[in-house]
Each structure stands twice: as structure tokens, then as C-alpha cells.
Amino acid sequence: MTSKQTRLLQRAGKPLVFSASLLPLAWLFWLGWNDQLGANPVETLTHRTGSWSLRFLLLTLAVTPVRRLTGWNGLQRFRRMLGLFAFFYVCLHFSVYLVFDHFFDGSAIIADIAKRPYITVGFAAFLLLVPLAATSTNRMIKRLGRNWQRLHRLVYVIGIFGVLHYLWLVKADIREPLLYAGILAGLLGYRLGWRYTHRS
Amino acid sequence: MDCDETQLVNIERVTTRESITRSPIMLIQKPADIHPSEITPPELYARRREFIKTAAILGAAAWLPPTLRGRIAQAADEDLKPTPYKDITSYNNFYEFGTGKTDPAENAGSLKTKPWTVVVEGHCEKPGQYALEDFLASQQPEERIYRLRCVEAWSMVVPWRGIPLNQILPRFQPASNAKYVEFTTLLDPKQMPGQRTRILDWPYVEGLRMDEAMHPLTLLATGLYGKELPNQNGAPLRLVVPWKYGFKSIKSIVKIRFTEQQPSTTWNREIPSEYGFYANVNPEVSHPRWSQNKERRIGDFFRRDTQMFNGYAEQVAGLYTGMDLHKNF
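So the protein sequences, as listed, match chains A and B.
Quick note: the first sequence uses my numbering, first residue 3, plus one each step.
Quick note: the second sequence uses my numbering, first residue 148, plus one each step.
Keep in mind that the hints are not guaranteed to be accurate.
Here are the simulated DSS-like pairs of lysine-lysine, each with C-alpha atoms no more than 25 angstroms apart in a straight line [claimed, not checked]:
1) B:K441 - A:K173
2) B:K259 - A:K117
3) A:K117 - B:K441
These are calculated hints, taken from the structure and not from any lab test.
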């Protein structure tokens, strides 16, 4: 690549990833507008926003391993954006639940969180993402120093909670949640392996 | 938070206007080869198209006090209004054709329902193999509009066509030790692609206590919306037990067996802590993983309260007097 192309890619990269990350939402709007969300539109919205939250979370977690394996260091600058999109889709996912499942009924939601393990871990994952999103600005990164990295290791727990949330809610066909679990295990396993080999 | 009643009034006005306006544009858009009963009623169609648009308005209604919110919920509640044909036939749990809700409608074309044989066996005087026509004899089918409540907390209203089971079973002269009736779905991975994966322990088996089977509400359905049962809905013959969770209403039945012992049923065998043999709709008894006290009626945005025995308590509660329904869930 010439330096001109590299510069162009650098400049266009973020807007491109940003637009692409909005496509799932645009698609949902399109489906909704054309009455294509199926017989149970609320369920479709819940499932789609949930799946995309998980996918963006896994994409975020994939940045470091892929960067190390390919040596493509430019990937690093998309990590924050992908993480924030995971948070964005989780917010949509939770909003659908809040409005259409419980209509802001606080006591029903608290009962749900307390009694239903899949909701407990899902809600925990959502809550744990809040401080990560809130500390994603350059200023916060500087301000927190070493603690920033410590705090953001929570994303591993969030990933595990997210996959458990999915795994625990399906009735019998666990193939798809197991696929997510497998990818997550690979991404976390890679980190453990890397840490082990680079310890000394 | 201020309470804006004009907003509420506006919402109601919108809904009313939608429901009385027949949109001529929509009628023109529909291709002519669709049977009239397949067409979604215009008012529902309009309501669905308004989904995203009204979502924002309804979101604003969230700031209304609970009493006014209740009025919105009530306005949406038309308890026995049939769910559109399109939804009933495109949103199905029929794992023999895949575990996604739209899989059965997409994959059930491979099921061959003619000819169809029903085997009757077990404790009865007249066991045998019956061609479907003989099995149903010349019974006149009836139209029954029933609520259907899925264990997954959604529900529909289905205008079934069928024959009450209590008009069929006596013909086989069940013996006095026939305490239960067991039903089995077709096992044929060639016709039922979902059976090529061991998601459940095929074939699907369900069962009823004899008094449940003989209850006048229990139906053997052969059709819906006045037409033949589509494959994805369990053609050519399925059970309908409206006061129980949907999974009891077994589809594409090939065998009926009279037993003395309680049959071992599929979901109960799979996860006994979550799916009981009785599986009566009961808002008081939660599924271990989710609450059962509310449900989303297909076509509604918000959830409504689930009724005891799915609203059929008056007719069926007597079957369970003296039984602990928390234990026998």
C-alpha cells in the first residue's frame, strides 16, 4: 500500500466501522417499517438486539488476538467503538425488556432479576458494562492510569455472563449459544495462553 | 413527572380510527390468488404497520400513572378475537421441522399427510390400524375458538376445526384399566428434518389422564380457519387441550395407546423439573426459569395477565380438586 492509501484507510476506517455497526439497527427499522418483524415483533426485537450485543462483545474481544496473530496493529483503534456498540445494543435490548415485557413495573423487574438466573446474569452483564462505557473517553483513560486496564478486565466476566444469559434461556436447542460459548472460550483461552508464554 | 392525559386520549383515538378505516390501498396490494381467510384483518394489519411509529408514542405513555396505563392495556384486550391466519401458520413450535418459530412453516412441506394411518393400541377392545378417514368415522367436525397458551409465555386465539376426543375414544372401547391415553407423533427423519438431530428424544410423545381426554373441551383438530390443517400446525391430526400449555397439544398423531400407567411424555422426560405431566396453565406456578403470570398475545405489544387454566377454570378446575397443583405442575 502506498502511504496515500494507508492515510485514506486510516481516515475512512472509523466512519466505515461506525456505519457498518449501525446496519443491524437500520435493518430492524426497515423490517419494522415493512411489517416484517414476524408474528411476535417484540420477541424478534429482543432476540436480535441481544444477539448483536453478544456479537459486538465478541468482536471487541477478538481485536487483541487478531491483532497479535496478524500483526495488523491498525485494528486496535476500532476496539473502543466496537465495545461501545456492544453497550449500545445492550441498551436497546434492555429497553425492549423494560418497556414491552414489564412496562416499567419496577417490582416485577426486581423479582425477575432476583428469581431468574438467566436474567440475573444478563442484568449483571448490563450493569457491569456501564462503568466501562463511562470510562471509555481519552480523559478517563488518562485519569485512571493503570486502574483503567484493571477495570476494563471486567469485560471477560461480562462476556461469560452474556453467554450464560443466552445459554440458560433456551429451551432445548443449545447449539447456537454453544457456538457463542465456543468462540468466547477461544478468545479467552488465547489470552491465557499468551499470558502464560509471555510471562517471563 | 407530569401526567399528560391528552396524550392518552390521542393514542386511543389513533387506535380507534385505525380499526374502523378499511384501507383501500391494502386491498389493491394483495394478490388475487390468496384465499380471503388468509388475509390479515385490515385493522390488525394497520396496527402492525404502525408498530414502530406507535412504539415511540407508547414509550411516552410510560410516564402515565398505572391506572391510566391499565386503560391502554384494556383497550388492546379483545380476549377471543382470532389471531390472524398468517401468524397462526408462521409462528409455530414444531421441533420436528426445526427449533426456530418460522422453521415449521418453511420446512413442513416435506410432510406427506395423505394417506395417513392412526394406530390404536393398549387397553381397549378394538385396537388396530385405521386409515384417518375411518379413524374419524363420519363425525361432523365442529368449529371451536380456543385460546392457546404456550409454556414460553406467548398466546394466540385459534379458530380450530375438529372433533371432540370424547366422540372418538369410546368407539375403541377402552378397558376399565385404561387410566391414561398416550399419543405419539410420526417418526420419520426423511419427512421431518428436525428429527435428524437429537434435540428431543424422538418420536414426540404426550399423554392425558382419561378424564382429561374425555373432557368436552378436548379436541382432535383437523383444520383451522375453516380449512384443512396446514402441515406446520400439526396436519393431518392434532390434539388441542386449551387449558394446558401448548406442548401438550401434540401434532401429527400416528398412534393412540390406552395405558394403565401415566405415560412418559417427551418434555417431561427431557427436563422433569421444568415440564410436568399435567402442564396446566397456571399463573401461580412459575417455570423454573421464567414467570408464568403474564403472557404476550400475538399481535399485542404489551403482556397481559395469564388466567388460571388459561381461562377455562370454570369448565376444568373440577378435574383437579384435591390435587396440589404446585406439585403436579
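Hint check results:
1. B:K441 - A:K173: Given pair K441 (chain B), K173 (chain A) holds - Cα atoms ~18 angstroms apart, limit 25 angstroms.
2. B:K259 - A:K117: Roughly 44 angstroms between the alpha carbons, so the hint for K259 (chain B) and K117 (chain A) is violated.
3. A:K117 - B:K441: holds (15 angstroms)
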